[in-house]
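So the protein lines, in turn, are chains A and B.
Note that the numbering used here numbers the first sequence so that position 38 is 38, with each residue one more than the last.
To convert, count from 1 in the second sequence and add 113; that's the numbering used here.
Careful, some of the hints might be misleading.
[Unchecked claim] The calculated label-pair distances, taken between Cβ atoms and stated as ranges, are:
no.	chain 1	residue 1	chain 2	residue 2	range
1	B	Lys-127	A	Ser-74	40 to 48 Å
2	B	Gly-176	A	Met-11	17 to 25 Å
3	B	Asp-169	A	Asn-31	18 to 26 Å
4	A	Pro-41	B	Asn-178	42 to 50 Å
5	B	Gly-176	A	Ala-1	38 to 46 Å
6	A	Asn-30	B	Met-132	39 to 47 Å
7	A	Asn-30	B	Met-154	27 to 35 Å
8	A	Met-11	B	Val-228	29 to 37 Å
9	B	Thr-133	A	Ser-12	16 to 24 Å
10	A	Gln-14	B	Thr-133	23 to 31 Å
11	B	Arg-190	A	Glu-17	40 to 48 Å
12	B	Asp-169	A	Arg-108	28 to 36 Å
Quick caveat, the hints were computed from the structure, so don't treat them as lab data.
In this text, all values refer to a predicted model and were calculated from it rather than measured experimentally.
Glycine included, each C-beta is placed from N, C-alpha and C at the ideal position.
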Amino acid sequence: AQTVTQSQPEMSVQEAETVTLSCTYDTSENNYYLFWYKQPPSRQMILVIRQEAYKQQNATENRFSVNFQKAAKSFSLKISDSQLGDTAMYFCALIQGAQKLVFGQGTRLTINP
Amino acid sequence: NAGVTQTPKFQVLKTGQSMTLQCAQDMNHNSMYWYRQDPGMGLRLIYYSASEGTTDKGEVPNGYNVSRLNKREFSLRLESAAPSQTSVYFCASKVRGRALGNTIYFGEGSWLTVV
Numbered sequence: 001a002q003t004v005t006q007s008q009p010e011m012s013v014q015e016a017e018t019v020t021l022s023c024t025y026d027t028s029e030n031n032y033y034l035f036w037y038k039q040p041p042s043r044q045m046i047l048v049i050r051q052e053a054y055k056q057q058n059a060t061e062n063r064f065s066v067n068f069q070k071a072a073k074s075f076s077l078k079i080s081d082s083q084l085g086d087t088a089m090y091f092c093a094l095i096q097g098a099q100k101l102v103f104g105q106g107t108r109l110t111i112n113p
Numbered sequence: 114n115a116g117v118t119q120t121p122k123f124q125v126l127k128t129g130q131s132m133t134l135q136c137a138q139d140m141n142h143n144s145m146y147w148y149r150q151d152p153g154m155g156l157r158l159i160y161y162s163a164s165e166g167t168t169d170k171g172e173v174p175n176g177y178n179v180s181r182l183n184k185r186e187f188s189l190r191l192e193s194a195a196p197s198q199t200s201v202y203f204c205a206s207k208v209r210g211r212a213l214g215n216t217i218y219f220g221e222g223s224w225l226t227v228v
């Protein structure tokens, strides 16, 4: 069975700082996808970034980047130059051949002015 | 630019009542999903449908039924609502294909309260 673990229930940083959210996962498959979703207070689920397991290069999207360590089954999200609008719940998620997207418990990130 | 549309957005039910949450997507996706999110928790999969005409149980299927009416629509039914089913429900759909990243797109959520 696939599992996703986020060990940081809450994090708080100052605006403009860099913050890293941790995620570890377990899967028996070799071909899978990893995602970070952002959920602001509106509860909308917004895709932040995705990573294909077969790609060694870490994905980046503007201020967001990941550190994908396949052997260690680790998938952390780095937010650079954090902004007040980054305040949200962040969920790490995994999907493999069975098509079921499995989520971690989430990290509540607060960006302080 | 509708994407995934869920109705209703808010609903209050009495214990024992039944209701159906509707979901439709206009992106020609094959796979559709129903998740629930309880306060302070991540999303848990209730049911999913890999293609029209097929449905499978997820992590928390008890108390729910689903129908994949056609490729666009996937409904979730609560036959006899219980307070434990108070939650936010999300419908989602997924494009199949390596080039498209297997990304799942979510609706805006349906807030259900059972009293």
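| Which hints from the list above does the structure break, by number from lowest to highest? | 2, 4, 5, 9, 10
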